[in-house]
Structure formats: structure tokens, C-alpha cells
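Peer 1: As a plain string of letters, each chain reads:
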Amino acid sequence: MNSRLFLKIFGCCFTVAALAVLVAAVFLSRQMSADVARRTRVDMKAQGQTLALLGRDTIATQISSIAKRTDLRITLIDLSGNVTADSDDDLAGLDNHLNRPEIQQARLRGLGESIRYSRSLKKDMLYVALPIEGAYLRLAKPLGEMDEEVRSLHRFVFRLSAIVLLFSLALAAYFSWSLVRPIRAAKRYLEQVRSGERPNPPSARATDEIGELVEHINGVVNELYGRMRAAQEERQKLEAVFSGMAEGIVVLDENHRIEIMNRRMEEMLLDRRPSEVQGRTLLEIFHSSALQDAFRRLQDRREPVTAEFTLERDPPLILEARMIPLAGTEAGGKRTVIVFQDLSHIKKLERMRIDFVANVTHEIRTPLTAIIGFVETLQSGAVANEETARKFLSTIQDNAQRLNRLVEDLLTLSRFELREGTLHLENLFLAEVLDKVLAVVGAKAGEKDIKVVKEIPEATPPILADRDRFAQILLNILDNAVKFTPNGGRVTVAASSEEPGFLTIRISDTGIGIPKGELPRLGERFYRVDKARSRELGGTGLGLSIVKHLMRAHQGRMDIDSVLGHGTTVSLRFPVAKETR
Amino acid sequence: MEKKHTSSSYEQELQEVKEGLLQSGALVEEAIGKAVKSLVDGDTELAHAVISGDRRVDEIDIDIEERCIRLLALRQPAATDLRFIATAIKVNGHLERIGDMAVNIAERVVLLNDLPRIKPYVDIPRMADIARKMIRDSLDALVRQDLDLANRVRREDEKVDQLEDQITRELITFMMEDPRRIHPALLIMQVAKNIERISDHAEGIAHMVVFLITGRIVRHARSMGEEAP
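Residue numbers (this note's numbering), protein chains in the order written: chain A, 1 to 581; chain B, 1001 to 1229.
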């Protein structure tokens, strides 16, 4: 029980009790021994007066037997102080007793007493003397006998005190422990709380101040827990935002060294571990003088700055860094938050837009140049030659039609790319629309001696599509298939229900095929696998792009699979009309 | 930051020298990248930007040198710090020369872009990428006191030399086929030569890093018969 408070309270209680017992015991034993002495004296006086009644001579003769019976020493002394009789000693050798204090007192006051050391008996004695018939009767008793009685009394008092002390010891222990116990429990509780455990709060049974104190401690701890929980929740929220952000974030400490970064930043740095980056400077990690210059500007002006730079890696990233000084830290801490936004995608889109404009201009200029050239030739005299003029006019017509097609395609594309194109959805049967499309494409196929095979089962369900757009899709794909299939080849149109709710239309040819590496780029505007050939065949470079967007508008999908030199298969997946599902 | 020195401004000054080297490194690295990009893209404007951008490198070069001399004169550094300042002065010189070589490349590119292109540039960007990585890694090794990385940089030089040989051989055949290609081929060879020289300077920086860390001078290890790392 290593408790100082316990020892203090216990010691205090016990000392008070012990002192009280001690005082009581001393007082009691004093009182008792005084009492014993007084009673003995009174007894001896009474005995002396009683003996005096016997008369001097009787006492003198019977002195030994009286002494034996009364357990006293009895002495008779005459008025001149000579001892005439004594119960213990021989008379010879006894000196004159006249000036003994008890005799003197008896002579003067009729009764004397004194406590002295008896030289004859070599003991402390109590003497009582009184005058009788011309002599003095003196009674003596050894104090030792009286002491014996007093000692037994003392022993009793001592035992009693010991018992009382033992009791008070136990009581003091119980009392102090009952005070200390709740305090110790509260202390242990606080220790556990501090070490991060969540212990059961101590019960506050006592209704005194200690009980109130324990209750208050419970209250404070509970509030603390509440605040900690709130802080933790807040922290988790911020951490989720921090790590979930699309932008990379770096925090620099006051020494311009990287303190923390978020997950996205790690990704931007190609998963460099935070430990590798922490404590290092911007230059060490980003190797960008533009970024460093911006950081300098921030240092000079202490206001947000932005910088655009390329993060060298594979592939490189174009990043925009926005630096914000972090205010409100102590000791003039000049920490900085840097938010990195990935501009690569935006830059790519920008690039695509520029490319698109350049492509469109180029596509429009080619037929226009031809038209202008032929018109000029006609004007400068060729119109006179009817045959040449007819040839030139048909070339002009071809180019004008191509221009027209291009504009049409661009319009369609932009409408569906912006998702503004409206579809008039209806239930369409593939076979029915295909026949109409084949009426257009069939002539061209016939010229090249290409066989078009239809593998459409009777039970093919109708699909949900816009009639004109569906025809446009089929026309585009079939036109491509015929265009890129050499003479004598074959084009197959097959339909099957491979996924529930969808109809898959496959258009395969035995054409030149497309290299694997080019497949992903096929939907891009103006992308041509073989530029010269495609243009020669009158394509605008927008056909597949349009199909891709139209399919998306139909909630369908286009997939292209090809083996170079063997042919290409285009799969069109359309949703099946609702009623027949 | 722990204060190793009695004066924190001393520590600060050393740090500024270090930062200056890194910035200079970043600048020349970018300059090389842009010079080669201007060649590949035929972007003469970018090449001119590289030429005028070298002023920044020169400014930092002078700034670092002044700082180093001031440190030597006023602080009388000993042991590691003295070695660091000696290293910084030499590394600074290397970086300045690299900057000049990026300008040399850009100047050749301005001329090349006016001539018909005789071949697609494949090996030149590869050489430049290796040389740039060497600069970056050697400075990284300097900052992190990374002996392994420094030694790795010293080995990279081999690759650049091989690529240069390859380009030279290729260009010689071009020149023999058609005398009209001699002029552009010579310019391309100068570009390759400059890149090769840049990688030599990067190797020189790596040597200095080894000196900084170990106190050994390894610069002429090969000519003095020691094993190359």
C-alpha cells in the first residue's frame, strides 16, 4: 500500500488516538496510585486507633502476634523517644526515635505520618504514629506492598490502553483507506486515460467532496473524449479530402522543405515514397527553374503565385502549380501550400482543337483549290472545247459534292458530339433498312464485283433506332467495307443476339485490314490509316467518327476488329425494341 | 533544421549555394531539352529562346562563385565544408559550360532548320535524354551525398559515347551518298558532339561528388591505371 496520503491520514488519526490513550493512561495510573496511598494511610490510621484501644501494655506484650495479624510493623516509643517494644527488631541498637517526623507530628497534632527509607529494614516505609497513654504507637508498612498493588493497577491500565490503541489502529486504517481509495481510483483512471486507454470511469459512491471531485473528473474526461472524437472526425474528413483530391498537394515547412504530400502528388511523382520526398526542397524533387522562380516570387511578396512547368517523367506532365503562403503559424513560420493541377489533358484537348481546325481547313481547301483551278481554266478559254469543258465540269461537280459531304458530315458530327442531335427512335427491322442501303452501295459493289452476303435470321428482333441515322451508320460502314475490299471480294452482314436486350450486327469484309496499332485511333476525326488512299477514294475522314458518336447516341457501341491483309469486322451493338424484349 | 554550426546564417549560406547549383542544373537541363525539341520539331523560335535563356545560367554562375569565395574568405571553412565549397566551385563551372553547350546546340539547330532534313532525329533525343538524366542524377547525388548514384552516373557516359559513334557512322554514309548532305550532316555531328561533351561534364560533376563524399580524387582514374567504377 504505497500511499503517502494514506500514511498521512493514518498517522494523524493514530497519533491523536495514541496521545489520548497515553494521557488517559498516565492520568488514570497517577490517580489510582494516589488513591491506593491515601486508602492505605487511612487504613493504617484506623488500625492504629483501633490498636490504641487495646492499651499500651496489651500491645507491648502481644506485639508480635498483632503485627503478624495486621501485616504491619508495630513499634512502641515512650515519650522520651526510646523504643520500648518493636514487632520486628531487637530493641538493642535502635536509636532515639523522638525526632522522627511522624513522632514529632504525633506529639504536636496527635497524628503523624511520613514516608522514609528505613535504615533498619532497608526499604521505603510508610509510617503512621499516634500517642497512647504516655507513649507513641507507630505503625509501619513497606511501600513495596503498596507498589505491588499499584503495579497491578498499572498493568491493567496498560493492557486497556493497548487494546484501545489496537482498536484505534484498525479504525484509523479503515477510515484513512476509505478516504484514500476513491482518490487512488480516480488517479489510476486518469493515468489510463492519459495512456490512451478507454477505462470504465470510477464510481462516485461517496457524497462528500471527494465524491464530487471524482464526478467532476468523470465529467471532464467525458468532455475531453467528446472533443477528441470531434477533432478526430474533423481530421479524418480533411484527410479524406486531402488524399482524394484530383490535384497534387505539397506542404513546405518554414525551411522550404517538403513536409507532406497527398496521394495524388505521389502518383504524379510516379509513386515515389513520401519518405523519399520528405525533407527535400522543391528543386531537388521537381528540377524546375520555373517552379523555383515562382517560389522566390512568393517569398518576396507573400501572396499566391502560379507557375506552369513540365514535370519530366514518362510521360511528362504539364503542371500548373499554385502556391499559397500558409498564414497563422507561430514563430513566424512561413509554410507554403502548393497545389499542382495536371494540365496535360487540357493541353492535349487544346492541341486537338488546333489540329481539328488545321485539318478542316486542309480538307476544305483541297476541293476548293480544284474547283477554283478548273473554273479559272474554263474561263481562260477551255470552255470552248466542249469535251474538255464537260470533263472539267464533272470534276468541279465531284469536288463540290465532296465539299458538300464534308460540310454535312461536320454538321452531323458537331451536333452529336455536343449531344444535341435528336433521334426519332422507332422499331426498325435490320433487313428492311439494309435493303435500302444496299440499293445505294450495291451499285458500287457490283462495279468491283464484290458479293454482299446477308446472314440475317428470320427471328431477328427489331431494334430501337432512328431510321435515317441507322441508315447512315450502315451506309458508312458498308461504304468503307466495299471501298477497302479488292475486286472480287466479299462483304457479309450478320445479325445475332449475343447479349440480352441487344442485337449485334457484324459487317465483315475480306479487305486490306487495319494494323493493330491503328485500331484505337479509328474514331478520331480526320484520322486516316492510309491518308493518300482514303482521300483518293473520296472519304472525308469523318465517317467512323460519326458512326462512333451516333452509336453512343443510340446507347449502343461500335467495336472494330481486324487482321491486316485478311479483312475487318465492325460490330454494331444496338438495343432491341422494348415490346419484343 | 538542426544547427550544426554556431551561426545559422553560415548554414543558410551553404544551403543557398546548394540551391543555386540545383537551379542552375534545372535551367541547363531544360535548355538541353528545349534545344533538342527545337531540332526535332523544327522550332527555330524555341532555339532562339534557348540562346537568350543562357544569360540566366551565367548570372547564377557568377552568383554562386561570389558566394563561394565570400564563404572561403569570411568563414574559413574546414573539413567537410571546405570540401563542399571546392566541389561547388567546380560543379558550378561544369554547369556553366553545359549551359554554353546547350546554346551551341541551339545555334546549330537554327542553321539546320533552314536546311532540308536529311534524316529523322531518333538517336539525338535519346543521347540528350541520357545526358540530362546524368546532370540530374549527379546533382541529386551531390545533394543527397549518394555515392552509389554518383558512381552510376559515371558509368552512363559510356552509352552516350556509343550513341555518338553510331550517329557519326550513319552520317558518314549519308555524306558519301550525296555531297549536298555534307553541310547538314556536319551540323548534326556538332550537335551530337556537344551532347557528348555535356555528358562528360555531367560525369565531371559525379567525380566531384565522389570527392566530396570520400575525399578521393577519381577524375583521372582511368588514365592513371585505376579500375573505373
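Because the hints were derived from the structure by calculation, they are not lab data. Note that beta-carbon positions come from the ideal geometry of N, C-alpha and C, so glycine has one too. Mixed in with the good hints there might be a few duds.
[Stated by the list, open to error] From the structure, some residues in chain A lie toward chain B, with a derived Cβ separation under 8 Å:
hint, residue
1, Glu-148
2, Ser-152
3, His-287
4, Gln-292
5, Thr-366
6, Thr-369
7, Ile-371
[As the list claims (entries may be wrong)] Once the Cα atoms are required to be at most 27 Å apart in a straight line, the calculated DSS-like pairs of lysine-lysine come out as:
hint, chain 1, residue 1, chain 2, residue 2
8, B, Lys-1119, B, Lys-1193
9, A, Lys-391, A, Lys-436
10, A, Lys-68, A, Lys-123
11, A, Lys-45, A, Lys-8
12, B, Lys-1034, A, Lys-348
13, B, Lys-1090, B, Lys-1119
14, A, Lys-347, B, Lys-1133
15, A, Lys-348, B, Lys-1133
16, B, Lys-1018, A, Lys-348
17, B, Lys-1090, B, Lys-1159
18, A, Lys-454, A, Lys-391
19, B, Lys-1037, A, Lys-347
20, B, Lys-1193, B, Lys-1133
21, B, Lys-1133, B, Lys-1018
22, A, Lys-347, B, Lys-1034
23, B, Lys-1119, B, Lys-1133
24, A, Lys-391, A, Lys-237
25, A, Lys-391, A, Lys-347
26, B, Lys-1119, B, Lys-1018
27, A, Lys-444, A, Lys-391
28, B, Lys-1018, A, Lys-334
Peer 1: A separate judgement is required for each hint: does it hold in the structure or not?
Peer 2: Status of the hints after comparison with the structure:
1. Look at A/Glu-148: its Cβ only gets to about 87 Å from chain B, farther than 8 Å, so that hint breaks.
2. Residue-level restraint check for A/Ser-152 is violated (minimum Cβ-Cβ distance to chain B is 84 Å; threshold 8 Å).
3. Restraint check, A/His-287 versus chain B: the minimum CB separation of about 5 Å is within 8 Å; hint holds.
4. About 5 Å separates the beta-carbon of A/Gln-292 from the nearest beta-carbon of chain B, less than 8 Å, and the hint is met.
5. A least Cβ separation of about 24 Å between A/Thr-366 and chain B goes past the 8 Å threshold, and the interface hint is therefore violated.
6. Here the hint on A/Thr-369 is broken, as its CB sits about 25 Å from the closest CB of chain B, past 8 Å.
7. At a threshold of 8 Å, the smallest CB-CB gap from A/Ile-371 to chain B is about 32 Å, leaving the interface hint violated.
8. Of the pairs offered as hints, the one joining B/Lys-1119 and B/Lys-1193 holds, with about 17 Å between alpha carbons and a cut-off of 27 Å not exceeded.
9. For the hint pairing A/Lys-391 with A/Lys-436, the CA-to-CA distance comes to about 31 Å; that exceeds 27 Å, so the pair is violated.
10. In summary, the hint linking A/Lys-68 to A/Lys-123 is supported, as the alpha carbons are separated by about 18 Å, within the 27 Å threshold.
11. Among the hinted pairs, A/Lys-45 with A/Lys-8 is inconsistent with the structure: their alpha-carbon atoms are about 55 Å apart, more than 27 Å.
12. At roughly 19 Å between alpha-carbon atoms, B/Lys-1034 and A/Lys-348 fall within 27 Å of each other, so this suggested pair holds.
13. Distance restraint check for B/Lys-1090 and B/Lys-1119: the Cα-Cα separation of roughly 38 Å exceeds the 27 Å cut-off, and the hinted pair is therefore not satisfied.
14. At most 27 Å may separate the alpha-carbon atoms for a hinted pair to count; A/Lys-347 and B/Lys-1133 meet this at roughly 25 Å.
15. At roughly 25 Å between alpha-carbon atoms, A/Lys-348 and B/Lys-1133 fall within 27 Å of each other, so this suggested pair holds.
16. Between B/Lys-1018 and A/Lys-348 the CA atoms are separated by roughly 36 Å; this puts the pair beyond 27 Å, and the hint is violated.
17. For the suggested pair B/Lys-1090 and B/Lys-1159, the alpha carbons sit about 24 Å apart, so the restraint of at most 27 Å is met.
18. Taken as a hint, the A/Lys-454 and A/Lys-391 pair is broken in the structure, with Cα atoms around 38 Å apart against an allowance of 27 Å.
19. In summary, the hint linking B/Lys-1037 to A/Lys-347 is supported, as the alpha carbons are separated by about 17 Å, within the 27 Å threshold.
20. Under the criterion of a C-alpha separation no larger than 27 Å, the hint pairing B/Lys-1193 with B/Lys-1133 is consistent with the structure, at around 17 Å.
21. As the CA atoms of B/Lys-1133 and B/Lys-1018 are separated by approximately 19 Å, the hinted pair is consistent with the 27 Å bound.
22. The straight-line distance between the Cα atoms of A/Lys-347 and B/Lys-1034 is roughly 18 Å, inside the 27 Å bound, and the hint therefore holds.
23. With a C-alpha separation of about 25 Å, the suggested pair B/Lys-1119 and B/Lys-1133 falls inside the 27 Å cut-off, and the hint holds.
24. Pair hint A/Lys-391 plus A/Lys-237 does not hold up; C-alpha atoms about 75 Å apart against a cutoff of 27 Å.
25. In summary, the hint linking A/Lys-391 to A/Lys-347 is not supported, as the alpha carbons are separated by about 47 Å, beyond the 27 Å threshold.
26. Note on B/Lys-1119 and B/Lys-1018: the hinted pairing is violated, with a Cα-Cα distance of about 41 Å set against a maximum of 27 Å.
27. This hinted pair checks out: A/Lys-444 and A/Lys-391 have alpha carbons roughly 21 Å apart, not beyond 27 Å.
28. With a C-alpha separation of about 20 Å, the suggested pairing of B/Lys-1018 with A/Lys-334 holds against the 27 Å cut-off.
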